[in-house]
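Full structure from sequences and hints, please.
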Amino acid sequence: MSKSSSSTRLGDLAWSKSPKTSSSLFTLTYGVLVNHLCTSSSPSSEVSASLLKIGQNIGTRLIDDYISKTSLLNPSGPSPCSSFTSTAESIAKVGLKMFLGVTADVRVDSDVGYSLVLSQNPLADFVELPDERSDLKYSNVLAGCIKGCLESVGFEVEVEVVKDTVWGDECLEIKVEGKGRRRDELEGGFKDE
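Per full-length UniProt numbering, residue 1 is the first one in the sequence shown, and the count goes up by one each step.
It is worth saying that the hints were derived from the structure and are not from the lab. Hints may contain errors.
[What the hints assert, rightly or not] Computed cross-link-like contacts, EDC-like style, restricted to lysine to aspartate or glutamate with a CA-CA straight-line distance of at most 20 Å:
| id | residue 1 | residue 2 |
| --- | --- | --- |
| 1 | LYS175 | GLU151 |
| 2 | LYS179 | GLU158 |
| 3 | LYS69 | GLU46 |
| 4 | LYS53 | GLU177 |
Following this line, the structure appears as structure tokens:
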């Protein structure tokens with residue numbers, strides 16, 4: 001069985017066993033958060049940075065849930081985060097499915113980078129950006145979640161939304177570029193000072 005179909009099956013299994021909430025409630029609640037950040041008259045770049053930071057904080061918590069659920073559902077399977085390239089399939093087919101009910105296609109850009117391409121944006125229902133916010137990275141919370149997850153397991157990454165359906169693009173594309181591993185955390189463990 002191919003890695004992709006195995007990951008898809010694991011993602012479907014995790015999704016079926018996860019508690020669900022209304023997608024409309026989730027989307028509208030996120031919209032209220034973004035609107036609240038925008039009403040402070042901050043420039044779109046600051047709001048986008050805030051959404052990225054919020055996502056990173058969420059991602060550092062989601063990774064624990066992800067690892068515990070995937071190891072319970074697939075105890076004999078390989079570690080989903082053992083290499084940078086394996087993270088692409090794990091995020092696209094398992095993580096996104098587990099937490100948002102969607103999957104992404106993986107487009108490998110280089111040895112150290114890939115893009116996750118989502119045909120539907122789970123955050124974009126009911127969204128129309130006003131002209132003065134056309135440069136807002138509305139879906140930056142997803143980029144932040146991915147960044148937070150990957151950094152929690154020792155990868156240094158840059159993650160960026162490069163296409164978004166709220167900008168009029170046909171898909172949501174999130175570019176992930178690996179910058180290396182943080183060896184101090186991986187080798188040393190905890191150190192008494």
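Violated hints - listed by number, lowest first: Those not satisfied come down to hint 3.
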